[in-house]
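Peer 1: Spelled out from the first residue to the last, the chains are:
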Amino acid sequence: MAESTAFPLISKSDFEDACTELSALFAKHSTLQQEWLSVEVETRNGIKFLKIAKPLREFESAQGGDHVLRRGNGLEMEEEVEEDEEALANPPSGQNAVIEYDIILSPSYQVPVLYFNIKDPLFRYPPTMKTLYQHLVSPYFKPQAERVSVIGGITVTDHPLTNTPVFFIHPCQTVAVLEASRGIQELIPREYLMLWIGALGGCVGLHLPIALAEK
Amino acid sequence: MSGPRDLPSRLRQNTWNGSIPLEIRLNPGDCRTYNESDPYLIQFPRLSYLGLLLPRIHAFFSSSLIFPDVLPTEAWVSYEDVPLKWHYPLGLLYDLYSGTDPAYAPDEEEEGRVVAVEPWKLMVNFSEYPVEHLVKLDADGKVLHDLFINNVKEADYLRNGTGRPVMSLSEKDSLQLWDSVKLHNFTLFNPINQKLLNPQGVALRHLPVKLYLPHAAPEESESGKAADTDKENHPGSLRVVQQLITTTLSSRQPQTIGTALNQILPSLFPSRRIVVLAQAVLHGAVLPLSASVEDLVRAASYLDGWLHIAVVMLA
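Quick note, the sequences are listed as chains A and B, same order. Throughout the first sequence, residue numbering follows full-length UniProt numbering, covering 1 to 215 in sequence. Throughout the second sequence, residue numbering follows full-length UniProt numbering, covering 1 to 315 in sequence.
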């Protein structure tokens, strides 16, 4: 039962290649960036997926800098969402919570799906909608995220492999988003995954570090 | 309207009417009088969700609570040490955790007989919500609605299988579907379900099936080492397995429970025809391996369109 897996879908083997390639790229150039802590291919229940970790940084506690996305200031936010180097240089002290992003291929939709949560030794950030909008979805994206479906396009579900609650971005729009983001050229698996991260990750703080994008 | 006579309709009706007696007691730690409160007794549909029952359980016990102001959203139900996922259908939870032996296909004459079932003794808790293991319920039930609709969409996508946008349902149909779930009303449910199961001009492509394996079950042999970093083998933890399942095999044979299980979990189901190590349980009954998966999807799926099948090891 060979399934055709032409863009915007991706096959299991291409997805696994993409994960391996991106984690290798990170291993090679990790010192050139400060955005991500680690990029690992993990296997659970025989299923390979990519885990990206980055430190949790508060939107509102960041001192000064253009990363502070104050509410009700829509116009300024627009241009600065991806340019947050200043904030990165000054991580708030006393934080050692980490955001974990798990990128897992959906057997149903045949596109990668983003699951994420905050790992915190003090359990300060349970997977609730409050945590989501206070710590993970930048205020700029909030209205957009909340508009769709019952309570928004990003909600809580059980992780498909650990079966414990995590956030996820509903995959039913992914195909449309990918199609809209695609250029004209054919994509190798790693480029597909980079395109996917660029198209879907931004609203929850998953940005491809520029140093990696250029490689 | 005369009663349904054909087997699929009868099966659909029986599935819809399946219910489990529950005896829910308040956690003594949350009770003003320690263990003096009466239990909450209810006969609850197998297809329905504990999440829909929690507000009623809260109302029942509110006068017995140590902290009477505690919100209904703090409530969670457990069986022994297992926090029960309130967004799983009750029947699935029962088949996974109650320890009750599943039923085998009865003889014709036996069909319809009433079996006395012991109530399932559960506990409701209003403190120490296990945020690590259970999604938190919200005051309006929107989280449950959201989880439900996501499952409906995914099942729809699998059945139709094309890249086209999901949700052929109108807003009105979608709301009617959710109302039918909340009210457990077959008259509201059935027309919408029929629309979903019979998309115009499209044959079903894939079948929405999820398999639930208690973690005590042996792992599938994995190529290479199992790199499970943090094993979350807390009580009741499950492994949920899903793969694409086509309606027919390439040889034009229909996909059966036996062929599907053999494809997905070959180490537990080494044979397509004979139960060797484990059995598949749906709605409290052992599934015959020869049953057509598509027939089951049409007649016996849960409200979200999925066959949620518990995989139970043979003793």
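Keep in mind that the hints were calculated from the coordinates and are not lab data. Given the structure is predicted, the values throughout are model-derived calculations rather than measurements. Treat the hints loosely; a few may be bogus.
[Claimed, not checked] Partial list, computed: chain A residues near chain B (C-beta under 10 Å):
1. Q34
2. W36
3. S106
4. Y109
5. P121
6. P127
7. T162
8. N163
9. C172
10. S181
[What the hints assert, rightly or not] So these bits of chain B aren't anywhere near chain A, every CB distance computed over 12 Å:
11. N150
12. K210
13. Q243
14. V275
[Unchecked claim] Taking lysine-lysine and the DSS-like style, the derived pairs with C-alpha atoms no more than 25 Å apart in a straight line are:
15. A:K130 with A:K142
16. B:K121 with A:K119
17. A:K215 with A:K54
18. A:K54 with A:K130
19. A:K215 with A:K51
20. B:K142 with A:K130
21. B:K121 with B:K172
22. A:K51 with A:K130
23. A:K28 with A:K54
24. A:K130 with A:K119
25. A:K28 with A:K215
26. B:K182 with B:K210
27. A:K142 with B:K136
28. A:K119 with A:K51
29. B:K121 with B:K182
30. B:K121 with A:K48
31. B:K136 with B:K195
32. B:K136 with A:K130
33. A:K12 with B:K195
34. B:K182 with A:K142
35. B:K210 with B:K195
Don't be surprised by glycine CBs; every beta carbon is placed ideally from N, CA and C.
Peer 1: Each hint should be assessed against the structure and marked as holding or not.
Peer 2: Results for each hint:
no. : hint               : result
1   : Q34                : violated, 24 Å
2   : W36                : violated, 18 Å
3   : S106               : holds, 8 Å
4   : Y109               : holds, 6 Å
5   : P121               : violated, 13 Å
6   : P127               : holds, 7 Å
7   : T162               : holds, 6 Å
8   : N163               : holds, 5 Å
9   : C172               : holds, 5 Å
10  : S181               : violated, 16 Å
11  : N150               : violated, 6 Å
12  : K210               : violated, 10 Å
13  : Q243               : violated, 6 Å
14  : V275               : holds, 23 Å
15  : A:K130 with A:K142 : holds, 12 Å
16  : B:K121 with A:K119 : violated, 34 Å
17  : A:K215 with A:K54  : holds, 20 Å
18  : A:K54 with A:K130  : holds, 20 Å
19  : A:K215 with A:K51  : holds, 20 Å
20  : B:K142 with A:K130 : holds, 14 Å
21  : B:K121 with B:K172 : violated, 38 Å
22  : A:K51 with A:K130  : holds, 24 Å
23  : A:K28 with A:K54   : holds, 17 Å
24  : A:K130 with A:K119 : holds, 16 Å
25  : A:K28 with A:K215  : holds, 10 Å
26  : B:K182 with B:K210 : holds, 23 Å
27  : A:K142 with B:K136 : holds, 20 Å
28  : A:K119 with A:K51  : holds, 13 Å
29  : B:K121 with B:K182 : holds, 23 Å
30  : B:K121 with A:K48  : violated, 39 Å
31  : B:K136 with B:K195 : violated, 32 Å
32  : B:K136 with A:K130 : holds, 11 Å
33  : A:K12 with B:K195  : violated, 31 Å
34  : B:K182 with A:K142 : violated, 29 Å
35  : B:K210 with B:K195 : holds, 22 Å
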